[in-house]
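Chemist: One letter stands for each residue in the lines below.
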Amino acid sequence: MKTEPINRTSMWKFKLSAATMTLIPAAVGINYVAKALAEGLKLPVWLGSLGTFLASMLAGPVAGAISGFINNVIYGLTLSPISTVYAITSIGIGIAVGILHARGWFSSAKKVFVSAIIIAIVSAVISTPLNVIFWGGQTGIAWGDSLFAVMVANHLPVWLASFTDEFVLDILDKVCVAYLAFFIYRQLPQRMVRFFRDDK
Amino acid sequence: MDEDKRIVLENLNVRYSGMETSQLKNININTPIGQIIGIVGNSHSGKSTLCRVLAGIIPKIISATISGTYTIAGRSPMDDWTAFNTSTGVVLQNPAGQLSGLADTVADELAFDLINQGTSADVISKRVANVAAQMGLTDQLRQKPESLSGGQMQRLAIATAIITQPQILIMDDPTSEMDPVGRQQFFHWLTTVKDTTVFIVSSEIDDLCEVADSIWIMSEGELVSQGSPQDVFNHLSPEWQIPTPTVYQMAEKMNWRLTGDVFPVAAEELKEAFDATN
Amino acid sequence: MTDQSMLSDESAGKSKWYNAVDPITKLLFILDMALLSFAGTNLIMEAGLITAAFLLLVFSKISSTTVKALGFSLFLIFTMLVIQGLFYSKNQTVLFSVLGINFYKEGLMYATTLGSRVLVIILASGFFMVTTTISENAKYLEQSGLSYKTVYVLMSVCYILPEIMGNMRKIQQAQRVRGVNPQRTILQKLKSVLPVLIPLVIKTLDQSMTRSISLQLRGFDNPKRKALKADTHYRLAGMWHIGLTMIAVVLIGWKLWTKINGLF
Amino acid sequence: MPQIELHNLQFAYPEKSFNLNVEQHLFSDSMTAIVGQNGAGKSTIFKLLTGLLKQDAGRITIDGVVLNDFKPSERLKKIGITFQNPDDQLFNATVKREVEWSLSQVNSDKDQNAARAVEVLKKVGLADKSDENPYDLSLSERKLLTIATVLAVDPEIYLFDEPMMSLDWPSKRMVTDIFRELSATGHQVITITHDMDWVAEEFHSVTVMEHGEIKFSGTPRDLFGDRELLQRVGLLPPKIMELAEMLGDSKTYLSPQDYQNQNIVQ
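Chains as they are written, first to last, in the numbering used here: chain R, 1 to 200; chain Y, 1001 to 1278; chain C, 2001 to 2264; chain U, 3001 to 3266.
If you are wondering where the hints come from, they were derived from the structure by calculation, not from laboratory data.
Everything numeric in this text was worked out from a predicted model, so none of it was measured.
A hint or two may mislead.
[To be verified] For lysine-lysine, the following DSSO-like pairs were computed, each having C-alpha atoms within a straight-line distance of at most 30 Å:
(1) C:LYS2105 to R:LYS42
(2) C:LYS2170 to U:LYS3122
(3) U:LYS3110 to C:LYS2189
(4) Y:LYS1144 to C:LYS2170
(5) U:LYS3077 to C:LYS2170
(6) C:LYS2191 to U:LYS3129
(7) U:LYS3047 to C:LYS2189
(8) U:LYS3110 to R:LYS35
(9) Y:LYS1253 to U:LYS3172
(10) Y:LYS1144 to C:LYS2224
(11) C:LYS2170 to U:LYS3129
(12) R:LYS15 to Y:LYS1060
(13) R:LYS110 to C:LYS2189
[As the list claims (entries may be wrong)] Derived CB-CB ranges, DEER-like:
(14) R:VAL193 to U:ALA3184: 52 to 60 Å
(15) R:TRP159 to C:HIS2233: 22 to 30 Å
(16) U:SER3104 to Y:GLN1184: 24 to 32 Å
(17) R:VAL193 to C:TRP2017: 49 to 57 Å
(18) R:TRP143 to C:ILE2252: 48 to 56 Å
(19) R:LEU41 to Y:THR1191: 48 to 56 Å
(20) Y:THR1191 to U:ASP3109: 57 to 65 Å
(21) Y:THR1191 to U:GLU3213: 32 to 40 Å
(22) U:ALA3114 to R:SER108: 20 to 28 Å
(23) R:HIS155 to C:ALA2039: 26 to 34 Å
(24) U:GLY3248 to Y:LYS1194: 47 to 55 Å
(25) Y:ASN1011 to R:LEU41: 52 to 60 Å
Think of the CB as a built atom: it goes at the ideal place given N, C-alpha and C, for glycine as much as any other residue.
Chain R extracted, bound-state conformation (with noise of 0.2 Å):
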């Protein structure tokens, strides 16, 4: 957030730009307002890190990391305590998206298949060991959950349920989000990407 430029051209643009700095609450809006639209239509998805995405495919991954975390500060300081702590993962999955997008993996539907993959897996990876230290495992959602009790009462390790708990349910989600995003970048104006990638 505040050291210099480490190089103009790389994705890796530590410092803020005035128009990063606006992006940003964009973003964790747009997290909001995606996620308040999917509960009132009742989707099985969160939806709730399509402005983490968006700002990854725009103004590269710390942009992204940013907005994933304050998301889940703003969201934990406001609503849901415990959400505070999930924002690792959210930091996570705005440096996944940001360095897939940078590497051309947001370029075809095909590829963004594969970006959605490695997303939910980073997501899941990051998440597991924060369900177990605080929910014993379970991530909330009752489908993912009755796996994991049908796991855990077959014996399986806790780990492995619950990772296997939270992986069904991000791979849904990171998905639908993935190709939402994927969507909704290519129809952005041109002078729209160009003010956000050549910020000064």
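Add chains Y, C and U to chain R, keeping to what the hints say.
Modeler: Relative to chain R, chains Y, C and U alone:
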């Protein structure tokens, strides 16, 4: 004449990065400061781009390929951006986007620019009260900025631009969301502005003719006409697709002319032409 | 974030005791409470922490946000009790049976411990959530030496969110009158969010572009900027910070020490 | 031409101190302007007419049929609306697809829709931008595009909320021509506007709203002739009347042309 008292644009060309055609083509202007300049044009005429250049947004904030020179009162945004920026007040097209996004009340929003300049608290409260009164926002000072109507939001945007008492005021279509009474009040207010160079993009040509010292007509990226409202609207080319003001239309229908065989464009001139005929 | 009380200024006239405690102290308090609850495995101590945090809330105020946060967690804690009570790997001792299904003591104890920790964190955070406003936090953070940029990035979403929500309602209306087919399958539903999300994202990003230009024009990064003084006067902030940080360090140190000792 | 009847219509927003109350009103002219200050209830009427809001009491009928009885697809063919801000609805990848999407809500024949889209885009002057991203157009063009999405469906009744706002002059002329054509071909056009010069020149019928009530309904000439009413509801007369008054003439004029006509007869 003295460079410090002129607005000078020389061979100005602007092309946004990634675009094939230029948005501004070979703009040349040399005109005194301290005037109200009305900028008129249709879609893709380049008037908003010109505003961005005048405000220094291009090339300081939005990157573009730019050639030629631009100085106003001897200053250029390229030389000393901070000094140039403190001397300007800018009202952009989208008033809601102009709010800081971190203010509890209209009063806090207004104070923002002054806090940035390190102004003392008592000066801030005086100036806030003063511009709120000028823009008719006194009753809204304790409200949340996002609760304002479109027209009020626009007046707030104008108030934030004038609170630093800039020497140059640049406004891109500042009345688009105001109702007729609000618009009338705004243009009346504009006539009370002193010692300031005002650039205003607007499609309200009736009002522009009443307040502007000079009109610039833009068409397809070129500055095709400039001069006094009377001069410019008496010599419109149909290609530019710009209508004449109501005063002109009325006088033309009634054949009321001013000396020099031209039609009036403002109310006072109309009276003059009417008296000369009747 | 939807809770309006987060944004509205508490009327300056009637200042309560908790307004004299600064936000950082409150955050450190959450940290210490969380560390304490994780340090202990004793249920009586957990009960004590829950009671302390709960009483603190009762003596400040209870708002709907805390109740909502509690509601969600209580449900999850309940499912945790069921699942761990039935399937926890160290289950040995049957505590009771319902309809022939055995609930084990070990699992129930484990779930109760976890649930208590969650409750401690929620109640302690609840105190922060109901007693500070966003503008108070923003002003305090800037005065504590954080750059305006950082404060902006942290706080601005709370201000622009009502605007984004307003835009969403307008867009939903505009699309509804263009006719949106009823959706049944997940794919149809997912597709139906695009007509709302695309205009909304573009509008939101467009507004951030304008805002970014405008902030620069309005000189937000002018080195002469002087942060506004917060209206509230905090008592003993420095002392609280040092004290609570010390407690946190001791707790972490102790936990690490016991872990390391446990290895040998 | 369809007739819209409002009967004992009442509506209140839950959180605002605003009440809409219309005892009896008939929209029966081919071109009606609704005018009034912000918050007078103009947009609320539009939202009730399109079913976005549901009245607390009373009823709305179109040619005798109660509005709420229409099926969603029937209603799309009955009433079309454009809102103030075009950016509240554009979401397709190209200009052409934006129009086709609207058509797909009432007709499943893709070829017919594509042909209709081309035809409509020609009418609003966007034919050569069919394959562009709507958000790469100018604001004025985006507004024309939203008008095109409604024209394509060709409903019997058109509601326009501030159609002239943010249009440039060539587009304004185009929209005025479209309005004239619609009105001449048996449609009913109702528009909310602040532009009194336009109302005076183009409309046959004006409805004035204030505080949720209809205060006047009649011709522009009658409205602008009633200075006392204009004052009371906070409206300004057309520019031409302001100018005539400055020259000591307080008669009612609707346009420079009207001024010339009346003064040559004398």
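Chemist: Run every hint past the structure and note whether it holds.
Modeler: Going through the hints against the structure:
Taken as a hint, the LYS2105 of chain C and LYS42 of chain R pair is broken in the structure, with Cα atoms around 37 Å apart against an allowance of 30 Å. With a CA separation close to 29 Å, the supplied pair LYS2170 of chain C and LYS3122 of chain U stays within the 30 Å bound. At most 30 Å may separate the alpha-carbon atoms for a hinted pair to count; LYS3110 of chain U and LYS2189 of chain C meet this at roughly 22 Å. The straight-line distance between the Cα atoms of LYS1144 of chain Y and LYS2170 of chain C is roughly 20 Å, inside the 30 Å bound, and the hint therefore holds.
Straight-line distance between C-alpha atoms of LYS3077 of chain U and LYS2170 of chain C comes to about 22 Å, which keeps the hinted pair within the 30 Å bound. Straight-line distance between C-alpha atoms of LYS2191 of chain C and LYS3129 of chain U comes to about 26 Å, which keeps the hinted pair within the 30 Å bound. Our distance criterion of 30 Å between C-alpha atoms is met by LYS3047 of chain U and LYS2189 of chain C, whose separation comes to about 25 Å. Taking the CA atoms of LYS3110 of chain U and LYS35 of chain R, the gap is near 34 Å; set against the 30 Å cutoff, the hint is violated.
Pair hint LYS1253 of chain Y plus LYS3172 of chain U holds up; C-alpha atoms about 22 Å apart against a cutoff of 30 Å. With a CA separation close to 26 Å, the supplied pair LYS1144 of chain Y and LYS2224 of chain C stays within the 30 Å bound. About 27 Å separates the Cα atoms of LYS2170 of chain C and LYS3129 of chain U, which keeps this hinted pair within 30 Å; it holds. A C-alpha spacing of about 17 Å is found between LYS15 of chain R and LYS1060 of chain Y, which places the hinted pair at or below 30 Å, so the restraint holds.
Distance restraint check for LYS110 of chain R and LYS2189 of chain C: the Cα-Cα separation of roughly 22 Å lies within the 30 Å cut-off, and the hinted pair is therefore satisfied. Evaluation of the 52 to 60 Å hint for VAL193 of chain R and ALA3184 of chain U yields a failure: the beta carbon distance comes to about 45 Å. In this structure the hint that TRP159 of chain R and HIS2233 of chain C lie 22 to 30 Å apart at CB is violated, the actual value being about 49 Å. At about 45 Å, the CB distance of SER3104 of chain U to GLN1184 of chain Y disagrees with the hint of 24 to 32 Å.
Checked against the given bound of 49 to 57 Å, the beta carbons of VAL193 of chain R and TRP2017 of chain C, roughly 51 Å apart, stay inside it. Distance hint check for TRP143 of chain R and ILE2252 of chain C: the Cβ-Cβ separation is about 37 Å, which falls outside the suggested range of 48 to 56 Å. The hinted window of 48 to 56 Å between LEU41 of chain R and THR1191 of chain Y holds, with their beta carbons roughly 53 Å apart. The supplied range of 57 to 65 Å is met by THR1191 of chain Y and ASP3109 of chain U, whose beta-carbon atoms lie about 58 Å from each other.
A hinted range of 32 to 40 Å for the beta carbons of THR1191 of chain Y and GLU3213 of chain U is consistent with their spacing of about 36 Å. In this structure the hint that ALA3114 of chain U and SER108 of chain R lie 20 to 28 Å apart at CB holds, the actual value being about 26 Å. Taking 26 to 34 Å as the suggested C-beta distance range, the pair HIS155 of chain R and ALA2039 of chain C conforms, at roughly 30 Å. Range check, GLY3248 of chain U to LYS1194 of chain Y: Cβ separation about 32 Å, and the 47 to 55 Å hint is violated.
Our hint of 52 to 60 Å for ASN1011 of chain Y and LEU41 of chain R holds, since their Cβ atoms are close to 56 Å apart.
Consistency with the previously given hints fails for numbers 1, 8, 14, 15, 16, 18 and 24, ordered from lowest to highest.
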